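Make a model of the complete structure from these sequences and hints.
Same order as they appear, the protein sequences are chains Y and W. Numbering follows the numbering used here, in which position 156 of the first sequence is assigned residue number 156; successive positions increment by one, without gaps. Numbering follows the numbering used here, in which position 104 of the second sequence is assigned residue number 104; successive positions increment by one, without gaps.
Think of the hints as simulated: they come from the structure by calculation, not from any bench. Do not rely on the hints blindly, as some may be mistaken.
[To be verified] Label-pair ranges, simulated between beta-carbon atoms:
| no. | chain 1 | residue 1 | chain 2 | residue 2 | range |
| --- | --- | --- | --- | --- | --- |
| 1 | W | 8 | Y | 31 | 41 to 49 Å |
| 2 | Y | 75 | W | 314 | 27 to 35 Å |
| 3 | W | 22 | Y | 75 | 30 to 38 Å |
| 4 | Y | 10 | W | 22 | 54 to 62 Å |
[As the list claims (entries may be wrong)] Beyond 10 Å from chain W on every Cβ pair, some chain Y residues (computed):
| no. | residue |
| --- | --- |
| 5 | 3 |
| 6 | 17 |
| 7 | 46 |
| 8 | 70 |
| 9 | 183 |
Just so we're clear, the structure is a prediction, and the values are computed from it rather than from any experiment. Don't be surprised by glycine CBs; every beta carbon is placed ideally from N, CA and C.
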Amino acid sequence: MSAVPLIRCRNLQKTYVMGDNLVYALRGVSLDIYAGEYVAIMGASGSGKSTFMNLLGALDVPTSGDLEIDGRHIGTLSSDELAAFRNEVMGFVFQQFNLLARTSALANVELPMLYSRHPAKHRDERAKACLELVGLGTRMDHHPSQLSGGQQQRVAIARALVNEPRILLADEPTGALDTTTSEEVMGIFGKLNQMGITVILVTHEPDIAAYARRQLVFRDGLVVEDKS
Amino acid sequence: MNLAIAIQIAWLALRINILRSLLAMLGIIIGVASVIIMVSISTGAKQEVGRLIQGLGTNLLVISPGSSDMGGGRQSGTGTAPPFSDADTLALRQQISGVAAVSGTMRGSVTVVASGINWSTTAYGVNEEYLEVRDWGITDGRNFSAAEVRSGGKVVMLGRTVAKQLFNDNSPLGSQIRIKDIPFQVIAVLDSKGQSAMGNDNDDVLIIPVTTARKRVLGGNNTVPNSVQTIMLEVAQNESMSDVQQEVENLLRQRRNVRSGSKDDFSVRNLAEFIKARTATQNTLSVLLASTAMISLLVGGIGIMNIMLVSVTERTREIGLRIAIGARQQDIRNQFLVESVTLCLLGGFIGLLLGVLGSLGISFLGQWPIAIDFNIAFIALGSSAFVGIFFGFFPAQRAARMNPIDALRYE
Numbered sequence: 001m002s003a004v005p006l007i008r009c010r011n012l013q014k015t016y017v018m019g020d021n022l023v024y025a026l027r028g029v030s031l032d033i034y035a036g037e038y039v040a041i042m043g044a045s046g047s048g049k050s051t052f053m054n055l056l057g058a059l060d061v062p063t064s065g066d067l068e069i070d071g072r073h074i075g076t077l078s079s080d081e082l083a084a085f086r087n088e089v090m091g092f093v094f095q096q097f098n099l100l101a102r103t104s105a106l107a108n109v110e111l112p113m114l115y116s117r118h119p120a121k122h123r124d125e126r127a128k129a130c131l132e133l134v135g136l137g138t139r140m141d142h143h144p145s146q147l148s149g150g151q152q153q154r155v156a157i158a159r160a161l162v163n164e165p166r167i168l169l170a171d172e173p174t175g176a177l178d179t180t181t182s183e184e185v186m187g188i189f190g191k192l193n194q195m196g197i198t199v200i201l202v203t204h205e206p207d208i209a210a211y212a213r214r215q216l217v218f219r220d221g222l223v224v225e226d227k228s
Numbered sequence: 001m002n003l004a005i006a007i008q009i010a011w012l013a014l015r016i017n018i019l020r021s022l023l024a025m026l027g028i029i030i031g032v033a034s035v036i037i038m039v040s041i042s043t044g045a046k047q048e049v050g051r052l053i054q055g056l057g058t059n060l061l062v063i064s065p066g067s068s069d070m071g072g073g074r075q076s077g078t079g080t081a082p083p084f085s086d087a088d089t090l091a092l093r094q095q096i097s098g099v100a101a102v103s104g105t106m107r108g109s110v111t112v113v114a115s116g117i118n119w120s121t122t123a124y125g126v127n128e129e130y131l132e133v134r135d136w137g138i139t140d141g142r143n144f145s146a147a148e149v150r151s152g153g154k155v156v157m158l159g160r161t162v163a164k165q166l167f168n169d170n171s172p173l174g175s176q177i178r179i180k181d182i183p184f185q186v187i188a189v190l191d192s193k194g195q196s197a198m199g200n201d202n203d204d205v206l207i208i209p210v211t212t213a214r215k216r217v218l219g220g221n222n223t224v225p226n227s228v229q230t231i232m233l234e235v236a237q238n239e240s241m242s243d244v245q246q247e248v249e250n251l252l253r254q255r256r257n258v259r260s261g262s263k264d265d266f267s268v269r270n271l272a273e274f275i276k277a278r279t280a281t282q283n284t285l286s287v288l289l290a291s292t293a294m295i296s297l298l299v300g301g302i303g304i305m306n307i308m309l310v311s312v313t314e315r316t317r318e319i320g321l322r323i324a325i326g327a328r329q330q331d332i333r334n335q336f337l338v339e340s341v342t343l344c345l346l347g348g349f350i351g352l353l354l355g356v357l358g359s360l361g362i363s364f365l366g367q368w369p370i371a372i373d374f375n376i377a378f379i380a381l382g383s384s385a386f387v388g389i390f391f392g393f394f395p396a397q398r399a400a401r402m403n404p405i406d407a408l409r410y411e
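Here it is as structure tokens:
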């Protein structure tokens, strides 16, 4: 592992205002994640794991504390800079896949490249390569409705990979899948991690978390367990 | 993200729900189509007034018996006031200096026969100055002489339509035609005057000396000798219309013994004023039509805004995803703006086609004069695009400001 962490959290706090009450979602999280790690984030609902994931994904900014990802301090970035950061550094995989309906698998995978600051040349080839990597080379023209749940999630993974992110952030990626397809999808994450991509999973299922080499357990806005 | 891709995305989104897109466009389609039809009709009407001015001339006074006062109370109509006579015509010609030409006129329907063909038309009994008053040229032949008018010569000048009906393409000059069984010699064919403002054929006429008309064809008035129905008077160039009109009225009051303070038993109409009033009416109408069009575009725009808000809400998760994978606020806003402008432009284009077809249909069925101005196409498409941007902005802004975390979880 390299000496400089890819993700560096110091006393990370996030507070929401709900009506008249303040909700302390994160109450001071400090941890480092290095490039190439495979991390599972666990915890019950309300533990702060989703909040933590939103911060890692640069979808939200911390109330206080410092979050540095790939050399950038997330709390100081403007809305446009956050968008560019998500586009270049992060790959997202969601529980509900979030594919565009009535749009081919290939077009879905190409989507992040539409928002790139430096439009990729050979967009088609790049998207096709990603679909082949997840084993869908023969179904590029299919629409999401013509694909099974596992296949849809693999399209979503291909979409997350298309801009060559440093970090793959997966939020309950197997939550909508059965056991067999879950194993397939987790196999792909393992393969990607071996290729050098940092993979961060958010899950509440212990057997899914077991695929990761490091488990972080959240409770009441704090990390209570960090085991490798 | 470039514009071509944005248009592609918008097109896809609109195609997915064709019926809804069409319904959303309906307001714009109707708005634009009605603008086109209204403008075509009002431009056509304006051009018609222009033709009317050309056809009759603005320096014309039309004098007829009977009061023109449309106020309340009992009126003395054309029938009760005594008609004018040739003596009045002569007096106007000789006693008023600013008169270029003047003619008494008689008018009536007649049937003419020539070489076995019958034709019903309108006959005018006039004097030798009538053609000058009407600014009407002779294509072939000659005008009446003063002697023919005085003596009741049986000579006739044919309008273009009558000549064509009776003689086809042959020259009618010198031929005999029978009007009410009386033989007349054709001495001229007149220039074409086209359609009148009321849609009548100005060329479906024949012109004979007023004396002949009174004695033999149309019949005169029993009480007034040498009567005519109306007098048409051309004011000389560089003379003031209103001054001459004033002089004409004074002279006629004197001749008809109208006491000062009582109503005139005749009216003098000034065509320029008539046309001015008509143009003013049409301008009012245009303003009314324009505001109707504005309202339909406004309603259409609200329809667009409504459908765009529905679309934004429906696609909340898609918006959340796009933001998560790196779309900036302006990318999202532009995407929805392009979508609403595409929708409006498409509607505008359909409305344009329907408007042009509708205008042609109205001119065909209603025999109304229309004029399609092709600048209106740009105005129509421009205003549709404006409606798209104006009413699409709020929904687009709402989409752009979405919080990706909430949007991604939206059910």
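A quick look at each hint next to the structure:
Against the hinted window of 41 to 49 Å, the Cβ-Cβ separation of residue 8 (chain W) and residue 31 (chain Y) comes to about 43 Å, which satisfies the hint. Distance hint for residue 75 (chain Y) and residue 314 (chain W): a CB-CB separation of about 33 Å, consistent with the stated range 27 to 35 Å. Between residue 22 (chain W) and residue 75 (chain Y) the beta carbons are some 48 Å apart, a value that contradicts the proposed interval 30 to 38 Å. Evaluation of the 54 to 62 Å hint for residue 10 (chain Y) and residue 22 (chain W) yields a pass: the beta carbon distance comes to about 57 Å.
Every CB of chain W is more than 10 Å from the CB of residue 3 (chain Y) (nearest about 29 Å), matching its label as outside the interface. With a least CB separation of 14 Å from chain W, residue 17 (chain Y) remains clear of the 10 Å interface cut-off, as annotated. The claim that residue 46 (chain Y) is not at the interface with chain W holds, since no C-beta of that chain comes within 10 Å of its own (minimum 15 Å). Taking the minimum C-beta to C-beta distance to chain W, about 15 Å, the non-interface status of residue 70 (chain Y) holds against the 10 Å cut.
No beta-carbon of chain W is positioned within 10 Å of the beta-carbon of residue 183 (chain Y); the least distance is around 26 Å.
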